[in-house]
Amino acid sequence: MFSSNNNFQAMGREKDKLIGKSCKELKEKHGFDKDGLYYLKSSTGVIYETFCDMTTDGGGWTLVASIHENNINGKCTLGDRWTSQQGNLENFPHGERNWANRVIFGSAEGATGDDYKNVGYYDIKALDVSVWHVPNDAAMEHWKASAIIRYHTNSAFLSLNGGNLYELFQRYPLKYKGGTCQTDNGPSVPIVFDFGDAKSTKEMYGPSTYGETEPGYVSFRVFNYEQTPMAVCSGVKVIGCNSEHYCFGGGGYFNPARQCGDFASWDWDGYGTHTGWSASQKITESAVLMFYR
Amino acid sequence: MFSSNNNFQAMGREKDKLIGKSCKELKEKHGFDKDGLYYLKSSTGVIYETFCDMTTDGGGWTLVASIHENNINGKCTLGDRWTSQQGNLENFPHGERNWANRVIFGSAEGATGDDYKNVGYYDIKALDVSVWHVPNDAAMEHWKASAIIRYHTNSAFLSLNGGNLYELFQRYPLKYKGGTCQTDNGPSVPIVFDFGDAKSTKEMYGPSTYGETEPGYVSFRVFNYEQTPMAVCSGVKVIGCNSEHYCFGGGGYFNPARQCGDFASWDWDGYGTHTGWSASQKITESAVLMFYR
Amino acid sequence: MFSSNNNFQAMGREKDKLIGKSCKELKEKHGFDKDGLYYLKSSTGVIYETFCDMTTDGGGWTLVASIHENNINGKCTLGDRWTSQQGNLENFPHGERNWANRVIFGSAEGATGDDYKNVGYYDIKALDVSVWHVPNDAAMEHWKASAIIRYHTNSAFLSLNGGNLYELFQRYPLKYKGGTCQTDNGPSVPIVFDFGDAKSTKEMYGPSTYGETEPGYVSFRVFNYEQTPMAVCSGVKVIGCNSEHYCFGGGGYFNPARQCGDFASWDWDGYGTHTGWSASQKITESAVLMFYR
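Chains as they are written, first to last, in the numbering used here: chain A, 125 to 417; chain B, 125 to 417; chain C, 125 to 417.
Honestly, the hints are just simulated from the structure, not real lab data.
Incorrect hints may have been included.
Repeated chains share a single entry, so a pair holds when one copy, or any two copies, can fit it.
Claimed, not checked - Computed cross-link-like contacts, EDC-like style, restricted to lysine to aspartate or glutamate with a CA-CA straight-line distance of at most 20 Å:
#	residue 1	residue 2
1	Lys299	Asp261
2	Lys249	Glu265
3	Lys199	Asp393
4	Lys199	Glu214
5	Lys145	Glu265
6	Lys145	Glu173
7	Lys153	Asp181
8	Lys299	Glu409
Just need the whole structure built from these sequences, with the hints factored in.
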């Protein structure tokens, strides 16, 4: 009575649809124009499923990653895949290395409830990024409407950096003491808002950060005073050195330890208080979804 | 010599079989009647593979989750996905939230060796649940025969609670101090045994628990004296307040800390001793498999 | 505008290719002869993707697992899936049990950046193993060329041990105090080198280990002085009892604790120093890829 056959073959039926390497290819070559889940096939032949934004600014945006803070009190503990899950360790200067390796985790539908990284993160060759801050645990069909911020770049900056974030972070490694504040930061790229605006985005972070940031950009590999690199500063260009209060992701060591974690030290002056160096509760409790096009 | 093509397309061949949203649909619409692995397709288009019980009480049961205690001495540490993996934290009152989010983990064949949760957990709209307690590391082809307890509900109680456990736990959140013992417990539903019986199931838990439980039910969201909610009490209705000794899963904080974990405090009077408040070794070393129909 | 259909069906198109249970079957029955990713289908109907080495010694080698040391300073902490992730615990004598259960994790392309175990590990019936030591984070297309050591067995030893490592470790359980050094070790099997040689492989481990090993073998379930079993000793036969310095994987308890972890105590006399009992940096920073044929 135990079945060793299965019904997988059925998936080849129904009306034929075509497959591509990215949402952009699905949109441009095959005309798919609805937001939702699609299957993609990597250049090495991996077939995977992710969310395509087929409508913003002409569509063709592929979801490749989400950064979700599961427990801001857990300082570089389980769930901090975009910094370190090993504790705050000086002899672990690169942290988990997930910004710059081919390890994948999570699922598209779970992207607001846990970290997510798919094959597209390192496989797709793209020009621009789009970023959404979506409240934790929002269901996929509500992501777009519930996002508190949505923006994209349109300068093709990725083409100068290897075509995706995997390649960008080969060029700008995230290593403790791999550079110094202001001097060795990576690119800062102007953004166009699809929901929200530059000023309100900047002001999601703590009031004490306002003097350190210029709104209207997305920035990569930004060092702080203690020479810890952070991966991404969303919505802002960085003109100061306390980036742990408004950037996310990075290497494996922060100083002091209570700054270690995917959302670093967004809670420095209390969780979600939006006073001093603390970000608002809204942005602290939103996952960051990253797309390529 | 490096292949960038692959043979995935072959899966569309062989004799066509049909695909559905649940094992029930596969059984009713397409006549599949053997236990085993099948592919399902969610309402959002996710294709995933899980185990279907196609024979018990007419069949059509979809495996959607397993709760596996990997280390009862690890108190809310790695592997306690159904409570907390962050340690026992008062300021983490919801725990991992996996009962009420769309995060998935594990694989069907690995469901007796680690936790499992698939897309069906939140996608399938069902009427009833079935529960199997299967010895750890049993191979799939032996699950049914080796289960120490198997039962199902037949009152369509899920239809009153949103159609699945994801929805039920939206209605009955698992939050520390979100309610009190006896007063705020969720539904308790009569069960029909497919293997074992009500009395022997109840008596798998420690002798000291007998005065607190009535056999022949499955219960959801049960608070203990310390206001910690547990997710499921398998086999029993709860008439006491020491539910940490016979319920599993829940929020992120237990008091005292040694009660924290997926199987909570089933080892209070020693591991597997079946004396005092301790459950039998048999049920402690079995994974709990949960099905919908 | 939200799509609930998807384009998965497209995968049934293009020219038909055939599917098998192992890379060997794909090679022998269907003539695939390029290294790369292929889809396989298990005896229970699970479809999964892994890397096939289609060229070494006639090809037909299926990648089933990788052992990757993410942080040798983390002693049986997160990432030590092949020993224990629960800390070094005497009452956790079997550790994670992943050598002997059906839990799977990781992805083929991520196999040099994190641990990997697929369905083939327990499903495929094979005769021999092949082992590659590949530098961490190497991309799949460079694995073969960048490997520091590659070898295979050709004595069909797996046929005497159940046909795969899952079965072998049922016969030779990895349990602390489950045996003693020298007396209860598992099989030691001669190897043929595909890249590198026996002597240089042995000499990747610390100079102090040379008196304890004979080059030209791969060995399984080897106990040390403290009765801790290790899973695999790559490149060597073991004639001593300090196996924690040149074997990997194993149970959940080591004595002292600083020997606990996937690469055990390869760093005893400093990380990557290649002095005393410490292995070279090269082998310490390489993932071990395991294939069946």
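I'd like to know which numbered hints this structure contradicts. Please list them from smallest to largest. Failing hints: none at all.
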